[in-house]
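Q: Based on these hints, arrange chain C with the ligands on the given structure of chain F.
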Amino acid sequence: MSASVIEPTSSRRAARQEDGNRPALKVEGLWKIFGPKADKILGTPDAQLSRKELQSKTGCLAAVKDVSFEVARGEVFVVMGLSGSGKSTLVRLLTRLIEPSAGTVTIDGEDVTQASKTKLRTLRRNHMAMVFQQFGLLPHRKVIDNVAYGLEVRGEGKAARLARAQEMVDLVGLSGYERSFPDQLSGGMQQRVGLARALAVDPEVLLFDEPFSALDPLIRRDMQNEVCRLHEEVGKTMIFITHDLQEALKLGDRILIMRDGEIVQIGTPAEVVANPADDYVRDFVSEVPRSHVLTLRYVVRPPRPGEELDGPVMQADRIVRDAAQQVLRSSQPVRVFDGEDFLGVVDDDDILRVVVAEEAP
Amino acid sequence: MSTVTSARERKAGPAVKPPASSTEARSASVLSTLRRQWRRTLLVAVVLLWVVLWAVLHGTQTLEIGGADKTDVHLWLNSVRDAFDSARTNSAFFEYVVQPITDGVNGLVTFLQSLFSQGTATRPVPQVGWLGVVALLAWLTFTFAGIRSMILVAVCVLLFGFFGYWQQSIDTLIVTFVTVVLCAVVGLPLGIWMARSKRASSVLTPVLDLMQTLPSFAYLAPLALVFGIGPAAAIVTTIIYSLPPLVRITEHGIRNVSPTTLEAVTSMGGTAWQTLVKVQLPMARRTIVVGINQCTMAALSMATIAALINGPGLGQPVLQSLQSLDVGGAFVSGLAIVLMAVMLDRTTTAASERSVVAARFQKRSRSGLMPGPKRRVTIVTIGAVLAGVAVYLSHSYLALAQFPASPDLGSPLASAVSNATQWVVNTFAGFTGWLKDTVTAALVDPLQSLLAQAPWWVMVIVLLGVALALGGLRAAAVTVVCEAVILGTGLWNESMKTLATTLVATLLVIVAAMALGVWMGRSKIVDSAIRPILDALQTIPSFVYLVPALALFGPTRFTAIIAAFCYGVPIATKLVADGIRGVSPVTVEASESMGTTSWQMISKVQLPMSRSAVVLAANQGLLYVLSMVVVGGLVGGGGLGYLVVAGFSQSQLFGKGLAAGIAITALGVMLDRITKYTAARLGRD
Ligand SMILES: Nc1ncnc2c1ncn2[C@@H]1O[C@H](COP(=O)(O)OP(=O)(O)OP(=O)(O)O)[C@@H](O)[C@H]1O
Ligand SMILES: [Mg+2]
Chain F
1 MSASVIEPTS
11 SRRAARQEDG
21 NRPALKVEGL
31 WKIFGPKADK
41 ILGTPDAQLS
51 RKELQSKTGC
61 LAAVKDVSFE
71 VARGEVFVVM
81 GLSGSGKSTL
91 VRLLTRLIEP
101 SAGTVTIDGE
111 DVTQASKTKL
121 RTLRRNHMAM
131 VFQQFGLLPH
141 RKVIDNVAYG
151 LEVRGEGKAA
161 RLARAQEMVD
171 LVGLSGYERS
181 FPDQLSGGMQ
191 QRVGLARALA
201 VDPEVLLFDE
211 PFSALDPLIR
221 RDMQNEVCRL
231 HEEVGKTMIF
241 ITHDLQEALK
251 LGDRILIMRD
261 GEIVQIGTPA
271 EVVANPADDY
281 VRDFVSEVPR
291 SHVLTLRYVV
301 RPPRPGEELD
311 GPVMQADRIV
321 RDAAQQVLRS
331 SQPVRVFDGE
341 DFLGVVDDDD
351 ILRVVVAEEA
361 P
Chain C
362 MSTVTSARER
372 KAGPAVKPPA
382 SSTEARSASV
392 LSTLRRQWRR
402 TLLVAVVLLW
412 VVLWAVLHGT
422 QTLEIGGADK
432 TDVHLWLNSV
442 RDAFDSARTN
452 SAFFEYVVQP
462 ITDGVNGLVT
472 FLQSLFSQGT
482 ATRPVPQVGW
492 LGVVALLAWL
502 TFTFAGIRSM
512 ILVAVCVLLF
522 GFFGYWQQSI
532 DTLIVTFVTV
542 VLCAVVGLPL
552 GIWMARSKRA
562 SSVLTPVLDL
572 MQTLPSFAYL
582 APLALVFGIG
592 PAAAIVTTII
602 YSLPPLVRIT
612 EHGIRNVSPT
622 TLEAVTSMGG
632 TAWQTLVKVQ
642 LPMARRTIVV
652 GINQCTMAAL
662 SMATIAALIN
672 GPGLGQPVLQ
682 SLQSLDVGGA
692 FVSGLAIVLM
702 AVMLDRTTTA
712 ASERSVVAAR
722 FQKRSRSGLM
732 PGPKRRVTIV
742 TIGAVLAGVA
752 VYLSHSYLAL
762 AQFPASPDLG
772 SPLASAVSNA
782 TQWVVNTFAG
792 FTGWLKDTVT
802 AALVDPLQSL
812 LAQAPWWVMV
822 IVLLGVALAL
832 GGLRAAAVTV
842 VCEAVILGTG
852 LWNESMKTLA
862 TTLVATLLVI
872 VAAMALGVWM
882 GRSKIVDSAI
892 RPILDALQTI
902 PSFVYLVPAL
912 ALFGPTRFTA
922 IIAAFCYGVP
932 IATKLVADGI
942 RGVSPVTVEA
952 SESMGTTSWQ
962 MISKVQLPMS
972 RSAVVLAANQ
982 GLLYVLSMVV
992 VGGLVGGGGL
1002 GYLVVAGFSQ
1012 SQLFGKGLAA
1022 GIAITALGVM
1032 LDRITKYTAA
1042 RLGRD
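In order, the protein sequences belong to chains F and C.
So the first sequence is residues 1 to 361, counted in the numbering used here.
So the second sequence is residues 362 to 1046, counted in the numbering used here.
A portion of the hints provided could be inaccurate.
[As the list claims (entries may be wrong)] Partial list, derived from the structure: chain C residues whose beta carbon lies under 7 Å from chain F:
| no. | residue |
| --- | --- |
| 1 | T621 |
| 2 | T622 |
| 3 | G631 |
[To be verified] Short, incomplete list of chain F residues facing chain C, as computed with Cβ under 10 Å:
| no. | residue |
| --- | --- |
| 4 | K37 |
| 5 | I41 |
| 6 | T122 |
| 7 | F132 |
| 8 | F342 |
To be clear, the hints were calculated from the coordinates, so they are not data collected in a lab.
C-beta: ideal position from N, C-alpha, C; glycine also.
Looking at chain F on its own, in the form it has when it is part of the complex (with noise of 0.2 Å):
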């Protein structure tokens, strides 16, 4: 609920962090208020008031309250919520494609916020691109030409665009359908051409809104799996926005859970199911395999007296699920470690604990 949670050097990749410090984007205090004067509410006590209270008082509806966040390079942040929650508004509100009503959205030392309208066109020109839940396709244009679109409207030369889109294309895995139309291919194959477009411009930022809510389940895995590979291969900064729990969990090194557009809170996967911040998170972690994400630095207990401190070592960030095996096969406690500093024992109960919870909860 608090910015303090934030702690983008606790990530997973953060050792993707290249340039020192300066975080890829930056959200400050950023408001979205719709309705009839909306920008009367910012700073009066009723900005304050729950959003229902504010929409029956004033008919305004706050879809992003107060929302502060920041994204380190080379990072997958996942916002998730329920349907209603602001996520595509939050997104939107990153490339103003909302107008925010308050606040200020950095992105690679850029305020886009205050940009003017051709530095605004020049930012969505060159460092970020967005994908899609309904795809938004050109239907009047080959597969490469969808793809080239970005680097049309920013005026690069016919060969250059070409080349570089069939090059996305090709990435996407979708070599041979460069001459097709979009409604000559299937809703994965579609979106996999919105990937290659945002792909395209090469940007700093990619946001996705809900891109594979559209699919179905099989191919949603597929898709998130290419996500994944793409992130390994191109090691963009990601914005990835879902209600899907799953999702959030597979691809996300940060998850942001919003409810009625405030942030609820912000942390690891792990983080969010081992210490869910109230009954929201908690419903929201309920159904997930415990194992499959909290990290032994979870389940990690200070020794007994007398017990013995000589078996295997292990990382804190490894899963439990994959620790598992090893601990149970070992007779005596696994040590844990952070790096140098010991942080206590994991042995047979603990891990069983873990598992059996989930199962009989």
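A: Just chain C with the ligands, lined up with the frame of chain F:
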């Protein structure tokens, strides 16, 4: 008790304080019932008052004036005309604004005529003779619409020639073509602008509404006044009539481009211009072509009517035949117009379908204008060469320049039709006469008497009351203004006569449209059988409807009613059918599961739920009928239409004709607004 009261009260209006006792509650509920029923109460009261006052006062204060009588207004309008005529030579506005437009358009039309249809002083035949024209048209259609359209066009154009209307047909094509090009030049940017700017849309929409409500007959005279009699005025009239559908459809097409796609494009940093050219226009392409098709059909329809102000083309022979009651001649020239309509409709539709396919092919093979397989390109090239040769030959040889006089299909067809009509009329005289007399005696005469024989002030109140009861305050306000205008024209009595005819025809239209529409709405098979017929009827220009009506019923008021009926039924029927079809299938299923009979289903579920569609059908029916009733002035329809026609032919009646045009407009706006507001109200609650 208190909760019940407050619940009921909230319905009546939150401003009322909660009643203290139960008696007050009861009186409040009576009041609220009355308030809910006030429309019906008012309507009944107005009708009662009307009948009573009519019974007592009929024949007095009717403001009737004789056929040749002129009021001051009419004389003043005559003098306005004279002022215009003299201003034409010595006013800056005319010299620098109107005259260039007039000369430009006239010059363009004359130039095209000298190319394709008429000889000039120096050359008795057009530059390109009939063979060249046929070849050119065939090649163009083949290129843009395909082989089937090409055959259709070639056959139709040759038929025009064999009917004896070669020159008029090509003139009609020229006028239609020039109009559509001008409409596209003006209309496409307008439509785009309206799609992109809410303000532009809210300013221009009422203007387009007005342009579409105005009966075309009404603005012929004023435009002729400004642009002079001839092609320029005819083309401006035609533009006014055919521009709105193009603008609207363009706006609609651009507005309906998927918002997700637009958002995606914006997120990539496209400029407004890039978005328009690369995304919106290509995606709206199909819709825009439909707009062009509508525009073309409207242009053809109006171009024939513009014969009244000497617009060139097929309207001329129809008009002459109608005026001399020559059914055979009217039939042949009318048939030519119908063929032309079919030809243009089919061709533009085929071209639009082709354009979608072409857009896909074009990218694949960069072959310039002509997409598709190589073979096609070859054929088109060969076709171009052949057309060029034909043009050259027809330019050089008289026989290929002047359409051959034989075989003459026109005269035999005309006399055959005349004989057939004669036979039909003689054989069925009993039936047609009976029909005519019955409807006239049972509907037209009583209603006309009620409307036109009542004192004018009674009718003013009655119309106002009806407008208030049906359409609410705004409708009443419009009605007051329109009544004032009609009174101002000095043609109150004539207007009431026209209103009576219009109402009778509309009533018939609504009855037929409800019966047919319900039938179509309830059965897919019926719908697919009848809809193509209605579509075809709708493409026929209004003028042509007069021909069969005249043939069967001779020149009377009833003829105009029948023509108006036939003209109004297709559109109204389609609207009713769509309304019935639009009733949620879940609701229909639910009522079916409760054991509803078909009749109950129609009367209790489908009609009530689609009542706003029915009123909309009435609205469109009314406007169509009104425009036709007025044109009916040509065939003995009387009323305002006759005055308009007389105004064109007799110089001293010009002012009166112009006043009649204004009265028609006021009548049209009044009827339109009343029905529109009624439909809106019914749609709301
Ligand atoms: N243009 C708008 N005008 C008014 N209210 C809006 C507008 N756009 C969104 N809202 C409201 O803002 C709230 C948040 O909407 P948003 O689309 O951001 O939710 P979401 O989390 O993306 O939901 P979903 O998962 O259904 O996509 C919703 O209550 C929505 O009704
Ligand atoms: Mg959303």
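Q: If a hint holds in the structure, say so; if it doesn't, say that too.
A: Hint check:
1. For T621 (chain C), the interface hint holds, since its Cβ comes within 7 Å of a Cβ in chain F; the closest pair sits about 4 Å apart.
2. Restraint check, T622 (chain C) versus chain F: the minimum CB separation of about 5 Å is within 7 Å; hint holds.
3. A distance limit of 7 Å between C-beta atoms decides the matter here; for G631 (chain C) the minimum to chain F is near 4 Å, and the interface restraint holds.
4. Taking 10 Å as the C-beta contact cut-off toward chain C, the hint placing K37 (chain F) at the interface is violated, the least distance being around 19 Å.
5. Evaluation of the I41 (chain F) hint against chain C yields a violated restraint, the C-beta minimum of about 24 Å exceeding 10 Å.
6. For T122 (chain F), the shortest C-beta to C-beta distance to chain C is roughly 7 Å, which falls under 10 Å, so the interface hint holds.
7. Because the closest C-beta pair between F132 (chain F) and chain C is about 5 Å apart, less than 10 Å, the hint holds.
8. Of the supplied interface hints, the one on F342 (chain F) is violated, with its beta-carbon coming no nearer than about 49 Å to a beta-carbon of chain C, more than 10 Å.
Checked against the numbered hints listed earlier, the structure breaks hints 4, 5, 8; every other hint is satisfied.
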